[in-house]
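Assemble the complex: chain A is given as a structure, and chain B must be docked to it using the hints.
Residue numbers (my numbering), protein chains in the order written: chain A, 1 to 153; chain B, 1 to 501.
Among these hints, one or two may not hold up.
Unchecked claim - To give an idea of the interface, some chain A residues facing chain B are shown, with a C-beta separation under 7 Å as derived from the structure:
id, residue
1, W6
2, A7
3, F44
4, P45
5, I83
6, I90
7, P110
8, I124
9, F136
If you're looking for bench data, these hints aren't it; they were derived computationally from the structure.
None of the values given here were measured: they were computed from a predicted structure.
From the three backbone atoms N, C-alpha and C, an ideal C-beta is built for every residue, glycine too.
So the chains spell out like this:
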Amino acid sequence: MAGASWASVIGGLIFLTTAFLFHHTFADAYQTSILTAGRGPVFFPRIILAAMAVLSLMVTVEGLREKGAEFRPREILVAGAAIVLTGGYIFSIEAAGFLIPTVIFTFLMPFVLGYRSVPMALIIALTYPPAVWYIFDKVFLIILPSSPWFEAF
Amino acid sequence: MELFSLGLEHVLTLPALVSIIVGTILGVAVGVLPGLGSVVGITMILPFTFSMGQIPALALMLGVYCGSVYGGSISAIVINTPGTPQAAATALDGYPMAQRGEADLAIGWATMASTIGGLFSVVVLIIAAPQLAAFSLNFTSIEYFALGVFALICIANVSRGAMSKGLLAGAIGLFLATVGVDHVTGDMRFTFGSFEMTAGISLIPAIVGLFALSEVFIRASESTRVKAVIAHKVGFRLPPLSAWKPRLWLLLKSCTIGSFIGTLPGTGAATSSFIAYSEAKRSAPNRDKLGTGEPDGIVAAESANNAVTGSAMVPTLALGIPGDPVTAVMLGSFIVHGLAPGPRLFTEHLDLVYAVFLILVAVNLVMFVVGALGAQIFTRALKVPEPLLMTMVVVIALIGAYGVRGNALDLATAFIAGVGGFVLRKAGFPLAPLVIGMVLSQMIENSLRQGLLLTRGSFLAFFERPIALSLFILTALMLAWPIIRWLRDRNREARNDIKNT
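For reference, chain B alone in the conformation it holds in the complex:
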């Protein structure tokens, strides 16, 4: 209780409260603008956090994260272009409602569902994270190795594009993080005599390049541009309580889907909203009307995608293993601010963990107020010409890359990563596994080497530990899944052919 009070004290300071409000407003604005998304949003506010204290910095980042996931729904409803991929399912029913002149009501449904989804996921985080952290205290380096490999394979497997490209991107990330000093032997690796390379490839500049700069280059290479034509009256109207009653079960189910998916590595809010939408299509009270402007679709998609925000923090805070690029950036910036997520965070700095919980609750409540009062203002942001916006993004993102160490070399890293990210995206490679690979590389390498010391060099002994064995089996299943699916499809086709003949 004493630590909880201390956590509350951390949050109830002027800088923290201002950060919560400003972060949420910025997050919603970033979410509204198509193409920016949560990762670019967080990399853009990074430079602002460098001179802040731990708690205000965390509050600003969490505000941007949650706000951006919600903000995407506004442009999805108003202009049929989701501001973020997470809001793509919202457009299916949100835009038809706007066409009927009910944009304000659709935004009301989305705001309410997002807030409930977000708060639900905070409850999941509060319950699950300490349990997982306590459980992980039994982990040795062998379990951490198995967990790291499992997380990376998951992300590579479910990423957009072919599995081989996802795995290759993950391996590139693992390799890039090995450049520089070997933390075990002190030897230089792949520096080719360059002094500047001894510090290795800095994570934040790499992320700035991979996500923010490559996005600008991708936009430059595309001739078609989204032009915001706002033909509907935008506002905010809360649906009546009686309209919620028949949708409570759908809401609870979607929140559960989102929270569960959020804890899995690599899946994220976009996947959860589509799964919840599919489930609504199968079982919602008004399933026949889905896709024609039915609030059930908005409730399912928005509660599920915001339910990811808190639960995605479960593995990040409890194990130090990020589930997606957004939590990877946050993990990187937590470390910049002297916080090392993992089980020890829960034993040594429980007050800070409580502060994170409280910030997330506050952010979700502020998000509701921001959505209710500012939906109309945020849609005006859609009128900012994209070329001007992208130019501003480059400048701010580069300050984020520079500000981590105040080293001009990091700007070059960001640029090279930007060009590399552009080329890889053009070739259909997902970038999420690359970033997660970079984040997990040191943990996987150290735990592998320590594990081999424990087992006196026998890798087979890794399979004798039950938790590690379970994770290895899951990893093998993930890798074999495309083959299993191919065999299943082939059998089904063969059966269909027999039936037809």
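So here's chain A without its partners, still in its complex pose:
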């Protein structure tokens, strides 16, 4: 992949996905053409997918003329860590409720983003999530996911 730009890589991936989805529109489940005079559930998506295929090819070809993707290890690592931490946080909300994962996330995320003051991060982690939880769960009555271990939150 040396020399390939981000645009050509993404364009290529979109083209492959589009080709798969376009093929999928011919699955038996969608064959209701007699009832719908050819304008069944995949009539519109097929037009869009055809356009996407052409456009993704154009983007891929145009991308070949662009500068190759530059991978700065530190930046990729930081962005990757932020994505993994956010993903872990989101998926743990369902298992452990809103409050506990939010406290952990609010403490860790600033360090991933380059913050270095432990006391301040700790103060924010111990005050901000409970405040947010109280405002939404108790004042605005947006019932946030609760943990399986504690009745209150």
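What follows is chain B alone, placed relative to chain A:
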């Protein structure tokens, strides 16, 4: 008149008035902080609106919208870093004024110009929206199809980056919105047997991911950070009336430019402020001094970008077609609150339309007071460390995604959209067409299918209707514009070569 009184009654309630003030203050704060912007601001306050009534919720969102467009000017003037892209042109003259020790005067010019621009655009909205809504009552599904396609192509065409990427992003948005139940036949589409997917991809969580989460990931991937160094005395000083007199024509022209551009799909406040600034550079009384700390530049940029706020609501309220991601989020949240923008809103809920007009007037007046009294306080917000701020944004934005349906699946949608948005932005794709594509997909699909029923399956008959034909011609011109421009440039170069030889 009775409906107007009813609209006034809606606004003159404590929750609505508090929402106007709080929304405007929050909006200015969001605007001041570089990188957050109007869309992230509105997605952040979304969870607060879920338990509110229609009018207070609208007031809060409109306050954040207008306040954020203005707020960007404060950081542009004080630290030479526009809080929002809309305020980039303001920095060109605002910062040199601050360097001369006139930051307070520059903020005074910006606040006054923003307020006048905002109020001007409300007048445009009040005049244009009912006319457009009444005119659109003649539209059939064919005109709506043509209009939807035109709006999407416009947004894809003028978005940052290459046109093909904009069009592809728009097509991805159109496709994503087709996932789930087909509203015409009741069939499942692209759910691959998953029950959770039958409800489709929810718009608000997708927007939260695409704009708020991807912004955090983008910031994480960038090693350089903006450090706010406030070296100037910040305050507020109103320019004397005599200083306004020679600039009235410039002000009127910039307001008109902003209001006109606001009604066009996809252009937005950033484009309008740069066009107004260019026009000021061509024709302003002190054009030679522009870029050196001349108030003309601030007046042009700020009145034009705030003149977009009201006029951008014209197609959103009258047709249900958002012009940019900000109005797309607002359209989504209007629907969450049981309001369906479009011509029927004007015939069935005119009192609510009047309430929106009055809220916008009130927001612009409050914005002036907030700017005058709070400029110094808002600049302190610039000292909040970015990593802490971004972490807080993630938490609040995710509650916004979750709160729409109270479904944990929406959090996963937001996360996937966030990662997708990050990758697409890294590859130079604009995200605005993707969101607008998602919003317009159902309208375009339904009107296409209904139109084909009307014409007994003949797509060529779509071109027999004058309004639709005009829109198709405009769409074709938009698509052909890069080729036309390339041919024009090539001819010009060839002529220059001949001249030189």
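Outcome of the hint check:
A distance limit of 7 Å between C-beta atoms decides the matter here; for W6 of chain A the minimum to chain B is near 4 Å, and the interface restraint holds. Interface restraint check for A7 of chain A: the shortest CB-CB distance to chain B comes to about 5 Å, inside 7 Å, so the restraint holds. Look at F44 of chain A: its Cβ gets to within about 4 Å of chain B, closer than 7 Å, so that hint holds up. This hint holds: P45 of chain A has a C-beta 5 Å from the nearest C-beta of chain B, less than the 7 Å allowed.
Taken as an interface hint, I83 of chain A checks out: its beta carbon lies about 6 Å from the nearest beta carbon of chain B, inside 7 Å. Checking I90 of chain A against chain B by beta carbon gives a least distance of about 5 Å; that is within 7 Å, so the hint holds. The criterion of a C-beta within 7 Å of any C-beta in chain B is met by P110 of chain A, whose closest approach is roughly 4 Å, and the hint holds. Taking 7 Å as the C-beta contact cut-off toward chain B, the hint placing I124 of chain A at the interface holds, the least distance being around 6 Å.
A hinted interface residue such as F136 of chain A counts as satisfied when its beta carbon comes closer than 7 Å to some beta carbon of chain B; here the least separation is about 6 Å, so the hint holds.
In terms of the numbered hints stated before, the structure departs from none.
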